[in-house]
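**Student:** Dock chain B against the given chain A, drawing on the hints supplied.
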Amino acid sequence: MEELDVEAVVTEIPAVSTGKHMGFAWGPGDILVYETLYKAKGASSSGSSLIHEVRKDEDIYSPILRKLFNESHHIFVGLQTVGEDVPSKNKKPQFVSISKNYRSVIRACMEELQQLAVLTKDAEAATRLGNQVSILLAIELIWNLCEVLFIDAAPAGSLLLHLLDWVRLHKADVDEKTREVLQSESPAEHHNYWDVVVSYVLQGRVEEARQMLVKQANLHPAARGMFKLMDKLLSKMPFYNPRSTQTLTEFDVIWRHWHEEVDRCLQDNSFSSNQHLEFICKILLGDEDSLLECKDLLGTWYHFLVTRLLFCHPTVKPTDLHYYAQSCMTMFLDSRSVSEPLDSILLASFEFDIHQVIKDCSIVLNNWWFVAHLTDLLDHCKLLQSHNLHFGSNLREFLLLEYASGLFTHHSLWQLAVDYFDHCPEFGRVYLELQIERVPLETERKALKVLRVCEERQMSEQVRSICKIMATRALRNNRLGSALSWSIRAKDAAFATLISERFLQDYSTRGTFSDLDLIDNLGPSMLLSNRLTFSQVAAAASEKKPRQEDDVEQTKVELLRLALARNLATAIVKEGTVDT
Amino acid sequence: MESVNAKYVSQKVSRTRWRPVSVSSFQQPEIFATGSWDNEDNKVSLWSIGNYGGLGMEDGFEGDPQLLCDIKHDGDVLDLQFLDQERIVTASSTGGVTILRHHPNSQTLSVSHQWERAHRYPCDNAPCTSVVCSSPEIVSVGEDGRIVVFRADQEGVCRVIENADSSTIHAVTYLRTTEVLTVNSIGQLKLWDLRQQGGSPSKILSLSGDRVPLHCVDRHPNQQHVVATGGQDGTLCIWDVREESSPVALMEAHSAEMWEVHFHPTNPDHLFTCSEDGSLLHWETSSHSDMPSLLHEGSRNSGVTSRSAMAPAGGNKSLISAWLSGDSSKSCLKTSHMLPSQTLSVNSLDVLGQCLVCGTDGEAIFVNRQVLV
Chain A
1 MEELDVEAVV
11 TEIPAVSTGK
21 HMGFAWGPGD
31 ILVYETLYKA
41 KGASSSGSSL
51 IHEVRKDEDI
61 YSPILRKLFN
71 ESHHIFVGLQ
81 TVGEDVPSKN
91 KKPQFVSISK
101 NYRSVIRACM
111 EELQQLAVLT
121 KDAEAATRLG
131 NQVSILLAIE
141 LIWNLCEVLF
151 IDAAPAGSLL
161 LHLLDWVRLH
171 KADVDEKTRE
181 VLQSESPAEH
191 HNYWDVVVSY
201 VLQGRVEEAR
211 QMLVKQANLH
221 PAARGMFKLM
231 DKLLSKMPFY
241 NPRSTQTLTE
251 FDVIWRHWHE
261 EVDRCLQDNS
271 FSSNQHLEFI
281 CKILLGDEDS
291 LLECKDLLGT
301 WYHFLVTRLL
311 FCHPTVKPTD
321 LHYYAQSCMT
331 MFLDSRSVSE
341 PLDSILLASF
351 EFDIHQVIKD
361 CSIVLNNWWF
371 VAHLTDLLDH
381 CKLLQSHNLH
391 FGSNLREFLL
401 LEYASGLFTH
411 HSLWQLAVDY
421 FDHCPEFGRV
431 YLELQIERVP
441 LETERKALKV
451 LRVCEERQMS
461 EQVRSICKIM
471 ATRALRNNRL
481 GSALSWSIRA
491 KDAAFATLIS
501 ERFLQDYSTR
511 GTFSDLDLID
521 NLGPSMLLSN
531 RLTFSQVAAA
541 ASEKKPRQED
551 DVEQTKVELL
561 RLALARNLAT
571 AIVKEGTVDT
Chain B
1 MESVNAKYVS
11 QKVSRTRWRP
21 VSVSSFQQPE
31 IFATGSWDNE
41 DNKVSLWSIG
51 NYGGLGMEDG
61 FEGDPQLLCD
71 IKHDGDVLDL
81 QFLDQERIVT
91 ASSTGGVTIL
101 RHHPNSQTLS
111 VSHQWERAHR
121 YPCDNAPCTS
131 VVCSSPEIVS
141 VGEDGRIVVF
151 RADQEGVCRV
161 IENADSSTIH
171 AVTYLRTTEV
181 LTVNSIGQLK
191 LWDLRQQGGS
201 PSKILSLSGD
211 RVPLHCVDRH
221 PNQQHVVATG
231 GQDGTLCIWD
241 VREESSPVAL
251 MEAHSAEMWE
261 VHFHPTNPDH
271 LFTCSEDGSL
281 LHWETSSHSD
291 MPSLLHEGSR
301 NSGVTSRSAM
311 APAGGNKSLI
321 SAWLSGDSSK
331 SCLKTSHMLP
341 SQTLSVNSLD
351 VLGQCLVCGT
361 DGEAIFVNRQ
371 VLV
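Residue numbers (the numbering used here), protein chains in the order written: chain A, 1 to 580; chain B, 1 to 373.
Chain A with its partners taken away, still in its complex shape (with noise of 0.2 Å):
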């Protein structure tokens, strides 16, 4: 057998007293739960006769989250259309547009978690709140990453601009401050004013961090000199632009050219008086142990990483990022003892290797919503090779199944599930046949639904189920009108007859008959079998004691041999024999 990946989570169930021997049974997405009659030790000898449903993944309850499981539904259908007909090069665009809708989604359920959180009086809904919140946060994140590098691919130049706008998005904290602090009387002298500008600087955004400084520089008009050097050095730093003719090289050039001059500046102490200028000058000159300062600004290492391309690197490859962010890790993390799984599916993105992010991802959420849909995405991009499993079929189809499986568990979200398993060619029809019998069938109208949902796919054999079942319990209700309804339905030759005889069982032990709009109304689409004879019916008008109804009632049973001799005319001309 193969090793686990992670150690097995143990789940506490409260109401089995301790020390009982507990049984179980496995069911389609949890585990029924209840005490046994064997009696270990020292247990007491009452037991409970409850059953307890052990959920391993409570998200599909959540009602918010609901609203992602619908909205990314749409999505993945309307993905897997997406231009047939458009030739591959020209299908990126799109892809990175439903990569972002995707993404948007994920952002709006986060928002309206985080509202709820916020309102919500109970602690244990507001902690469990707050880590669905950090959950879909880790996430986007780590789509955002897997789109900047997997979807969009963007060669370098255009890749450290893509990386500071992932940077720039997850972290927020920083506006927070700067509303604070431009709210306050001096925001020049406010404790956290130097804060803020570091953090526009780490992150790349000079023009920002130029509005803060000349507030400063308005107090202190004697070193004017100095804050308009720095203005200057910051308004020249050059950001690549992948829409103009600069190639590459040239923007290399003149960015080793500005860098000089930084360096220069630092070496004129142009700045030695102020120590805080000082400091912006060696981040920008990508001084390690400057930015290894502002650990608690930058906050996490990918964060490090990517200021750390931006003063050093800022034309870094694809293909070299892998080292960067190895050693910018170690740098970071040295304190800490051991890294979190997100930093390792990170870590693996960097290393564009998107077989471990799936895995990685897989083993550390409880729904597989993430990468079913991400692996989907990302097939279409044809960015997965076809990595066939020891088992079933490909990587994607085989999460999209798992994820549509447990969707089908749900009372509710199972329609949402049919239209995954019609996008998995190998084995979503069978998962399909099997998984659809299941669904309760509480009124007719759901019935119908599962029933289209049958016939659009050509399963008559869950169509003819279907149908048998809800025949069945409207002849058991005496509803005969219903169950012949439903055996037309399901060209059910075999049940008509049933009901048939049913009904003129019903004409011959009342006398009448009950359900007289029927036969007035018979129309050519009855199917009778041939055991229905005449002689039947005759038998039937016959056993009949004389009464004053009577040529009422012989009229209409002259009515019912006429209609049931047409339509067994019709049925024999139609199919020529009719199979009993």
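If you are wondering where the hints come from, they were derived from the structure by calculation, not from laboratory data.
It is possible that part of the hints are untrue.
[Said to hold, decoys possible] For lysine-lysine, the following PhoX-like pairs were computed, each having C-alpha atoms within a straight-line distance of at most 25 Å:
| hint | chain 1 | residue 1 | chain 2 | residue 2 |
| --- | --- | --- | --- | --- |
| 1 | B | Lys43 | A | Lys121 |
| 2 | A | Lys446 | B | Lys203 |
| 3 | B | Lys72 | A | Lys121 |
These numbers come from a predicted model, not from an experiment.
**Tutor:** Chain B only, in chain A's frame:
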């Protein structure tokens, strides 16, 4: 109508209904109710799309619907109607009919009255499939083939027509104040005169040929004899209940069950249908008079135009209503899709004034405030 925005509501929506606005005011409707289905805890919810300061309404979709209040509902909400401004009647899959009252001051909903198991089998629940009201009278129908008449102010049931149908009655509508029309799952329309005591319909109409189950029915707002029905195979039929016992016009509308059909209440040249196939169609006819036909294109210039229609059996050309002309060369029948493609089943729609609201199995509500009528 470039982008139709979906509001995801974490519940599959089985019914949406506008709260009625007073006829005299020219206000557009602001509040609608929804019912959910297939949930462990179903709900009836009230939503508002109130104008928030009249911000630039170019695309007509400003203002997400905001939830005002909701209440748990026992069983799927199979039908929902406003009895009056404050009261809502629901039909449940448990067979019960409930009156809910909205309290605008506290912004809550409460149960005002409940008739549990109004529809039932001897040893089982029978879903109540449809309910219609003309305050204070309420008529409900169900899978048990029973028609039940209630009065909102009375405890018990007013009248029951047992065994009105041997099959499931899917929908009911008022034809006149004392007459209702039901449709069932063997493709029949039945007229019931509520003044008469007997348990049989005064008239039965059906399609000749295949008896396709009928799921929805709506009466023309001005002409009481004109009725539209939607069937299991997605066909739209227009009937004249006075004369023919077959439909006057028959159009292929959808590729799956048609769940609701509505004439526009004030502009009945417009008809709306929604279906299991995920589409919502806006039908528009112009009478064959000198009036030029208004060619509105909906959200997508879809190729769904001038459906085939059967010529009326008796050749009744003197009928006023364009719907009954049936002859596509005379009238101009235009249909347009109103939703983006690839939505799951659209279960319900309601239209009032220029506003249309619909709900889907994708747990989304769509509101359009600039329907061209």
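**Student:** Hints broken by the structure, by number, lowest first?
**Tutor:** 2
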